[in-house]
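Chains A and B are the protein sequences, given in the same order. So the mapping is simple: our numbering equals the position in the first sequence, first residue as 1, plus 2. So the mapping is simple: our numbering equals the position in the second sequence, first residue as 1, plus 2.
You may find that some hints are simply not true.
The list treats identical chains as interchangeable, and a pair is accepted whether it falls inside one copy or across any two copies.
To be verified - Listed next, the in silico DMTMM-like pairs over lysine to aspartate or glutamate satisfying Cα-Cα at most 25 Å (straight line):
id: 1; residue 1: K203; residue 2: E152
id: 2; residue 1: K69; residue 2: D42
id: 3; residue 1: K156; residue 2: E196
id: 4; residue 1: K175; residue 2: E75
id: 5; residue 1: K134; residue 2: E192
id: 6; residue 1: K171; residue 2: E71
id: 7; residue 1: K171; residue 2: E77
id: 8; residue 1: K199; residue 2: E160
id: 9; residue 1: K171; residue 2: E160
id: 10; residue 1: K56; residue 2: E11
id: 11; residue 1: K175; residue 2: E77
id: 12; residue 1: K91; residue 2: E131
The hints are simulated quantities; they were obtained by calculation from the structure and are not laboratory data.
There are 2 protein chains.
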Amino acid sequence: MPHIFYVSEISEDTAFFDEEETHHFRVVRAVPGDIIEATDGKGRIYRIELVELKKRWTRGRIVEIIKEEAPPEPEVTAFVGASRWQRMKFVVEKSVELGVRSLVVFKGDLSHPGSEKEELDKYRRTAIEAMKQSRNIWLPRMSFYPNLEEALQKASYESLIVAEMTGEKPLQKLCAGLVQPVAAVVGPQEGFSEKEKELLKNRGALFLNLSQNILRMETAFIVLVAFAMNSVRK
Amino acid sequence: MPHIFYVSEISEDTAFFDEEETHHFRVVRAVPGDIIEATDGKGRIYRIELVELKKRWTRGRIVEIIKEEAPPEPEVTAFVGASRWQRMKFVVEKSVELGVRSLVVFKGDLSHPGSEKEELDKYRRTAIEAMKQSRNIWLPRMSFYPNLEEALQKASYESLIVAEMTGEKPLQKLCAGLVQPVAAVVGPQEGFSEKEKELLKNRGALFLNLSQNILRMETAFIVLVAFAMNSVRK
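Work the whole structure out from these sequences, hints included.
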């Protein structure tokens with residue numbers, strides 16, 4: 003795949019690129035008149051002629067839409083407890099790769115202090131880079147909540163599954179199939195508090211023990227999301 | 003968990019540590035007479051008194067066995083096509099974390115040149131470090147074969163599953179359950195050759211399409227092994 007850029011705003015036949023992408027244009031020595039390919043993270047790839055390259059933004063003219071893709075199926079929202087950045091980075095990348103519709107980060111009761119900040123911009127940049135590298139041209143919606151309760155209140159889902167050591171074996175439970183959309187919840191690396199577990203239970207969550215070993219949060223994330231996806235795939 | 007070491011050889015009540023571990027002893031400024039904890043990667047944790055610390059090896063005296071664990075269940079052998087080291091490192095670490103019994107690396111027909119070397123020692127060191135970090139005290143058996151055919155000939159398994167984009171949906175197939183031991187095969191990042199696919203087919207492999215997106219080899223590895231494990235868990 004040739005180099006692909008991320009276009010942050012489309013207005014009629016005009017395309018705007020942000021500071022980060024403008025920096026990438028400089029790196030590849032792009033000049034006005036160059037034709038490049040860019041995705042909007044909403045399933046489209048455009049061919050765009052660069053018109054004006056400034057210090058902080060770039061403007062282009064849309065030549066044509068060269069690809070248009072439906073949103074990733076099935077519809078899965080992944081919830082994850084805020085953890086140290088190195089783990090979060092991995093989780094954001096894997097969300098794009100696995101094709102979740104939304105990634106909801108919440109500050110868990112036991113989240114490591116310092117990993118509790120809202121870092122949506124960092125998540126977004128990471129997701130954009132992951133999107134360019136994978137062939138997935140849908141950017142997950144990303145949001146941050148100060149606690150799990152608020153995060154769950156704002157989400158809409160039919161089935162709720164949770165990675166938890168004391169849970170049940172997943173295959174027996176998932177083979178019957180879940181109802182879309184599915185919310186898949188992984189705690190922070192430090193785990194869930196009792197209060198959070200109670201909250202999830204009250205909302206009818208299915209607790210799944212993904213492995214006989216203790217999995218790292220990012221491994222549990224991949225496994226749970228893959229189970230969720232496959233359980234509702236048509 | 004306190005710092006744990008890896009003891010490479012046990013002979014009656016004498017424990018030998020290799021050069022790498024001897025280096026670790028130096029780092030933590032261990033001296034003769036110190037009592038440390040070490041695992042043999044075969045399910046045991048020992049309390050050991052250090053006796054003699056040399057440049058390239060260390061000798062100790064076993065004080066007692068403080069933990070003894072059965073091998074990880076269920077019995078899954080993971081096969082993986084040799085790929086660039088950064089990916090292989092991750093795969094080796096995840097093998098330990100997920101608790102596979104054996105990890106078989108094979109040089110795939112399409113394996114990236116340079117990733118085709120037998121690097122068992124590097125794999126082994128990585129696995130030992132991963133073992134120390136996780137709570138899994140079983141080291142997977144590790145082997146390397148110059149091609150998939152030889153690798154499969156030397157392995158014993160009852161069920162054979164393969165990660166492959168053109169395969170079937172996993173949940174429907176796995177819910178019926180597999181028969182232990184299971185061999186789970188992931189190609190190199192570059193994929194399988196037609197000849198390799200034919201070989202797998204002739205051996206009765208079940209081809210599974212793990213995702214509607216194209217997964218990276220290391221993501222496919224985690225998902226396939228997790229499916230294999232859960233499919234035969236009692």
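What hints, given by number in increasing order, does this structure fail? Violated: none.
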